Amino acid sequence: MRYYAGPVARLIDELARLPGIGNKTAQRLAFHLLNAPPEAAHNLARAVTEARDSVRFCKICANLTDSEVCQICADPGRDQTQICVVGEPKDLVAMEKTRGYKGVYHVLQGVLSPLNGVDADSLTIRQLLARLEGGRVREVILATNPNVEGDATALYLARLIKPLGVKVTRIAHGLPVGAHLEYADEMTLAKALEGRREV
Amino acid sequence: MRLYKVSALVLKAVNIREADLILTLFSRERGKIRVLAYGACKPGSRKRGAVQPFSCANFLLCRGRDLDTVSQADLQEMFPALRERLDLLGYASYLAELVDAFTAEGEAAPAVFELLQQSFGLLGHIQTALLTRAFEIKLLTLLGYRPCLESCVSCGGALGGEPVYHAGAGGMLCPRCAALQHGGLRCRRGTVATLRLLLRWDLRRLNRLRPDDAIRREMRQILRRHMEYHLERRMKSLQFLRLIGEDY
Ligand SMILES: [Zn+2]
Ligand SMILES: [Zn+2]
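Protein sequence lines correspond, in order, to chains A and B. In case it helps, this note's numbering puts the first sequence at residues 108 to 306. In case it helps, this note's numbering puts the second sequence at residues 1208 to 1455.
Certain hints may be false.
Unchecked claim - Listed below are the simulated PhoX-like cross-link pairs for lysine-lysine, each with C-alpha atoms no more than 25 Å apart in a straight line:
| no. | chain 1 | residue 1 | chain 2 | residue 2 |
| --- | --- | --- | --- | --- |
| 1 | A | Lys131 | A | Lys166 |
| 2 | B | Lys1249 | A | Lys204 |
| 3 | A | Lys197 | A | Lys209 |
| 4 | A | Lys197 | B | Lys1212 |
| 5 | A | Lys166 | A | Lys269 |
| 6 | A | Lys209 | A | Lys269 |
These are calculated hints, taken from the structure and not from any lab test. Quantities reported herein were computed from a predicted structural model and do not represent experimental measurements.
Only chain A is shown next, with the shape it has when bound in the complex (with noise of 0.2 Å):
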């Protein structure tokens, strides 16, 4: 049986699709939308077809970004010899807001499960280690989630990188165990950067 239209089922169908909205969510959603004023819509419509267009992933860093090169590492201020290395986008603003880093960064767009089966090849670390090719980098700072996932992700990642003969430490101090980094506050960051420690 339908109970909507065409158009208003899909759009309910569509928005269902979305991480964290049931269908409950969806319906109110869908009706907020087609309530409010056109331009509601239609601006939500331009965002979302934007930026899907226009973002893509930095070719050095793989953040999200509007160029080929993110502005963190086509910025000549930044160190290039240190490598924070983070499991989401999201990861790295909140390290940016701490002001305190001044490297660049490395995302791995996931991290290592190994409760959920993992795809390491799905994670860009083939790209960070070739990276760390040609001796440049001094440094790789990991600083995945302290949990389970994000433990599994960075001891993984020293038994790689060690051999390289590139010095790998972890963000440690001041993070409570389980905490996500985009919980913390930038105090905690901060102090947790400066108390990383070798792997």
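Use these hints to put chain B with the ligands onto chain A, whose structure you have.
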């Protein structure tokens, strides 16, 4: 509010919405339970350490409409080595996944709780592969899936020099009965004898055993076939163990 207490090991923590976790616990009192831990990923959360996988904690749980929620969690034991060594992290994940896969929610099995707790504590001290095999066969036994190792499952006779493991039959067959069946895994007498030792011996004694590589390989094959026969699937953490070169 309806509150109750359990001591439990955390098998798994899955991040849902923001900073909330769904935990799969294995408790001494009530077996496996799935619970919600609100705000557990925020650095300020007091539950944080206790809701990490492989932790052992005392939980105060509150009955909920759908899932029960964690009201308080008091960390008892952390097993830090399981988070600091890649191989141990992989094996701990595997043991936790096995318990999750072989148990149903709400069926108390205190011996399984103790087996897992003891094994987490011994990882890093006892040869990992042997500890894992012993864990597997003890777990299968506690939950009623034990393969028959003493005599031929089919005729009850002695196993003789070249016993054959057969998953469908539920254990070992003598060569004569095995000849009448399709498939099966021929193995050494020493393999069957070592499996029986692993089943009987206390985990802490396992370092005294020094089975050769062939026996180790056969034990792994037999147990894996046996488990996959009953579960009808593979453990996901094996993929991780293979990635880190640790699937022995
Ligand atoms: Zn970049
Ligand atoms: Zn027989």
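Assess, step by step, whether the Cα of Lys131 of chain A is no farther than 25 Å from the Cα of Lys166 of chain A, and give holds or violated.
-> The given pair, whose Cα atoms are some 39 Å apart, is violated under the 25 Å limit.
25 Å limit on alpha-carbon distance, applied to hinted pair Lys1249 of chain B and Lys204 of chain A | At roughly 17 Å apart (the allowed maximum being 25 Å), Lys204 of chain A and Lys1249 of chain B satisfy the hint.
Could you grab the alpha-carbon distance between Lys166 of chain A and Lys269 of chain A and see if it respects the 25 Å cut-off?
-> 24 Å, holds
Quickly compare the C-alpha distance for Lys197 of chain A and Lys209 of chain A to 25 Å and report which way the hint goes.
-> OK: Lys197 of chain A and Lys209 of chain A at ~17 Å, within 25 Å.
Is Lys209 of chain A close enough to Lys269 of chain A, meaning Cα to Cα at most 25 Å?
-> 22 Å, holds
Quick one, are Lys197 of chain A and Lys1212 of chain B close enough, alpha carbons at most 25 Å?
-> 37 Å, violated
Of the hints listed earlier, those the structure fails to meet are numbers 1 and 4, in rising order.
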